[in-house]
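Fit chains P and D to the known structure of chain H by using the hints.
Protein chains in written order, with the working numbering: chain H, 1 to 258; chain P, 259 to 640; chain D, 641 to 968.
Check the hints yourself; a few may be wrong.
What the hints assert, rightly or not - In silico DSS-like pairs for lysine-lysine, Cα to Cα no more than 27 Å straight-line:
(1) D:Lys-941 - H:Lys-232
(2) P:Lys-303 - H:Lys-201
(3) P:Lys-435 - P:Lys-303
Said to hold, decoys possible - Residues from chain H shown here face chain D by an in silico Cβ test under 7 Å; the list is partial:
(4) Ala-132
(5) Ala-133
(6) Thr-164
I should point out that these hints are in silico values taken from the structure, not numbers from a laboratory. Backbone N, C-alpha and C fix where the C-beta goes; we use that ideal spot for every residue, glycine too.
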Amino acid sequence: MEIVVCVKPVPEAETRLRVRPDGKGLDPEGVKFVLAGYDESALEQALLLKEAVAGSRVHAIACGPAPRSEEVLRASIALGADQATWVEAAAETADDPIAVARTLAGAIRAVPHDLVLSGKQAGDHEEGLVGAALGEFLGVPDFGAVLDLRFDPGSARLRFRRATESGQELWESPLPCVVALQQAWNDPRTAKLPAILKSRKAPIARVPPIAPEGAQAVTERFELPAPRSGAKMIEFQTPEEAAQKLVRLLREEAKVFP
Amino acid sequence: MPDFSLSPEQESLRDMARKFARTEMAPHAAECDKAGRFPEEIYRKAHGLGLMNLNVPTDFGGSGLSVLEQCLIVEELAYACGGMTTSIIANCLALEPILLGATDEQKHRVLDPFCADYHLASFCLTEPSGGSDAGGLKTRARRDGDHYVLDGEKCFITNAPHASLYTVFATLDPALKHRGITAFFVPRTAEGLTPGKDEEKMGHRASSTSTVRFERVRVPVADRLGAEGEGFSLAMRTLDMTRTPIGALATGIAQAALDHAAGYALKRETFGKPIAEHQAIQIKLANMAQAVHAARLLTWQAAWTIDRGAKGTLESSIAKCFASDAALLVADEAIQTFGGYGYMKEYPVEKLLRDAKLTQIYEGANEIQRTVIARELLRAYA
Amino acid sequence: MSPTVLVVGELHEGHALPSTVETIGVARTLAGTPAEVVVLLVGSHARSAAPELGNAGVSRVLVDEDARLDTAPVAAIAVVAAAAAQSLEVDLVLVGGTAFGRDLTGRLAARWNATAASGATEIQRDGSAFRVRRPVFGGRATETVRLSGPRSVVSLRPHAFQPPPASPTNPAVEPAPKVEIPAGLLAPRRTGIEPVASGLGPSLTDASIVVSGGRGLRAPENFHLVEELATALGAAVGASRAVTDAGWRPTSLQVGQTGRAVSPQLYIAVGISGAIQHLVGMVSSRVIVAINSDGSAPIFKVADYGIVGDLFQIVPALTQEVRRARGT
Chain H
1 MEIVVCVKPV PEAETRLRVR PDGKGLDPEG VKFVLAGYDE SALEQALLLK EAVAGSRVHA
61 IACGPAPRSE EVLRASIALG ADQATWVEAA AETADDPIAV ARTLAGAIRA VPHDLVLSGK
121 QAGDHEEGLV GAALGEFLGV PDFGAVLDLR FDPGSARLRF RRATESGQEL WESPLPCVVA
181 LQQAWNDPRT AKLPAILKSR KAPIARVPPI APEGAQAVTE RFELPAPRSG AKMIEFQTPE
241 EAAQKLVRLL REEAKVFP
Chain P
259 MPDFSLSPEQ ESLRDMARKF ARTEMAPHAA ECDKAGRFPE EIYRKAHGLG LMNLNVPTDF
319 GGSGLSVLEQ CLIVEELAYA CGGMTTSIIA NCLALEPILL GATDEQKHRV LDPFCADYHL
379 ASFCLTEPSG GSDAGGLKTR ARRDGDHYVL DGEKCFITNA PHASLYTVFA TLDPALKHRG
439 ITAFFVPRTA EGLTPGKDEE KMGHRASSTS TVRFERVRVP VADRLGAEGE GFSLAMRTLD
499 MTRTPIGALA TGIAQAALDH AAGYALKRET FGKPIAEHQA IQIKLANMAQ AVHAARLLTW
559 QAAWTIDRGA KGTLESSIAK CFASDAALLV ADEAIQTFGG YGYMKEYPVE KLLRDAKLTQ
619 IYEGANEIQR TVIARELLRA YA
Chain D
641 MSPTVLVVGE LHEGHALPST VETIGVARTL AGTPAEVVVL LVGSHARSAA PELGNAGVSR
701 VLVDEDARLD TAPVAAIAVV AAAAAQSLEV DLVLVGGTAF GRDLTGRLAA RWNATAASGA
761 TEIQRDGSAF RVRRPVFGGR ATETVRLSGP RSVVSLRPHA FQPPPASPTN PAVEPAPKVE
821 IPAGLLAPRR TGIEPVASGL GPSLTDASIV VSGGRGLRAP ENFHLVEELA TALGAAVGAS
881 RAVTDAGWRP TSLQVGQTGR AVSPQLYIAV GISGAIQHLV GMVSSRVIVA INSDGSAPIF
941 KVADYGIVGD LFQIVPALTQ EVRRARGT
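Bound-form chain H, shown alone (with noise of 0.2 Å):
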């Protein structure tokens, strides 16, 4: 089975978040990139299935600037990616996820692919539209929020669940698809030392950047919440009011109620 698994540079989850000069992004100053954690777990899914169908191969493709993208690329092989290949794209155009689909279609519509994984959302912007986006650019059917992704060799198809709200959906499907992968069977494994060394001289290909084309969704304004100046102390005079009160401030002011 082709594997394709599409990665993300993300900022580390503990990075202490800045805002860039003019207002309108994350301060990329001294930030480092990791692989996105949902990525980690579609690649570690990919290096399973890889290990349970024989004859399997597993190739990352990154999609954004350098260098970050060339160290989640190599972070990939050290984990045990056969192959990787960049489409180098200025970081604005990895903002909208709509052009990162369509850009990583391009490239993966010239390599083999029999299952294409993604993470089901990355850490930065978290938009989770970019597996959806595209399946629908190969033309194949695409499933988001997959755990328990199974291949059955007999009937050539995929057995998985679907995180929704209302519970998990069991699903079949046939080959090729789109997968966007909440969780894998294991934890992500973590790279050896000889690895890592090994993937700092692998060869990534590199495919040449595509001019974004159409509508591009663009990051006006970023901005951090106000520092804490002290709680909100509410008033009231029975326990009644004091929860009605609460709860109608969580939901209209603070918008956090479920």
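Okay, now just chains P and D, sitting in the frame of chain H:
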């Protein structure tokens, strides 16, 4: 001009070690320290990922890293726990005499199986009657046909209760002083070799330390390292190689102490503001930061010197001595920054002081480092 | 370009999901007039579910009753939605940001050659474009994105918008434009559904809401107050170190410097004073609510909302109010 930046390769190694340290070691550091527990499962993981036997060339199954690369890794591991790091790098110390003094046949025979699976090794030099005075060691090696027979006792040996391989320094004749000292490698299974019970230590409590008794232990001549009488030189050259990573270990502890202190100072408020805004604390933090930066750079420069092929005795002694003193200072000031909370075991900083202390004592006590520095220094003026 | 807004509805067991109703409310504010909101429903329950949308003020519902769409992948529904959007010549398609809605957004945008954004908490017109606000970086920041038309697909973050005011109408129900769904998109099949087991809260570090209890609860048998509130909110349960040290709850629940660090959307601290080692574990939560009888407790310095009172009265009242507000 010197380039102080790390290559992408070096950064990958450091990042990998950091990830292992923060996710696998750090969560268990306090618990192992409290119980004095030897976390074998963590050491096995380290081995599985290639984080052990860092100095052993890949030909023999090790990771084949330069001293600088070892330092990058060791600092990250020590940031999470000094004790676990000591046990992990004790292999490097024990195997270095083999790398320096063994024949290729011996190296393959011993190192190939050792590195292929999880094994621990111990470097046996120190004795009850002499640590710094290594030249005066008393463990005897008597030639008997095609064997040597070892008798004596070693103490404060890292990993001894768990090791499968021991690198041992014994003398053929005390009258020859350091010229009688000969090195051997001995398996755990050798009859008459008895590790003692794990000592209860002030710090590095996740590491295991004990005596090793040798009672008529027979060692084949084929397991002697180098020539008779070459042992002392092998020991000194070994320490030349392993001294610098101890500087990195101390730097890791110091960095952890600094990070804890700075983080706390920004949150804790007294007299109406975060203590980080009080000058007394700012001066402390500044002194701590200076010490950490200097420790790291001295360590890097020593490593770079040795990697270029120089002996680097002066540089590595300065690095080890300075970094270990820095670790003690920074840990102490970190406790002071935390105030009363710093004195409580519930908080992580008092452990750092206990762990820092050992770095001033082992792998060449700082008093000896200073005499070495003076000697090397004065040589330039002679 | 017509000022009509198309909403793709989502049904569960024959009824529209609350996220669909919220989305209709937003569509009403963005359409030329509230009357210009069209809702698309698909599947064998589409026609029977259509009338209830009248309660949300919808006057026009398109239905595609193809039963195959009940178990077809979202990709197949996107084909129907694209045809509807095309025929209505809308410039905006909205959908509730559920798992279905998110997948639909990406698929539809690609098919219909539109720009897209997901998880919007605010959306406004800006000439021929739309401006969308959405949380990023796990809720630690917000971005404002301009979708510069001529077509946009946006999924809305569930629970971020009020349901529309009631204005009952009798919607006209029409067939959606007929469209051929490629066989390849109907080959995958949904073979079953396992409903969510109730009582199983999310894990502490994944949860978007955490309710934590501290020593203010006084005794282990009172901890159930925290657990009941958590269940009502669909939240994970946390505890302060004092509670776990005292053995009231396992250490796996401990939030704090030596326990777990969490950064959920909403953190409710019940009977927790706010010792610095606890704060360090939760201070990056997006919204913090503190309930404590001591008004000078340090927790109120980091909280966004505070209630100084008797938690033994406040918390049950809150649990009750949450249940009522969520309709559970």
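Results for each hint:
1. D:Lys-941 - H:Lys-232: Satisfied, since the Cα-Cα distance of roughly 10 Å is no more than 27 Å.
2. P:Lys-303 - H:Lys-201: The given pair, whose Cα atoms are some 25 Å apart, holds under the 27 Å limit.
3. P:Lys-435 - P:Lys-303: This hinted pair is violated, its Cα atoms lying about 42 Å apart.
4. Ala-132: With a closest approach of 3 Å, the Ala-132 (chain H) hint holds.
5. Ala-133: holds, 4 Å
6. Thr-164: Holds, because the Cβ-Cβ distance from Thr-164 (chain H) to chain D comes to roughly 4 Å (cut-off 7 Å).
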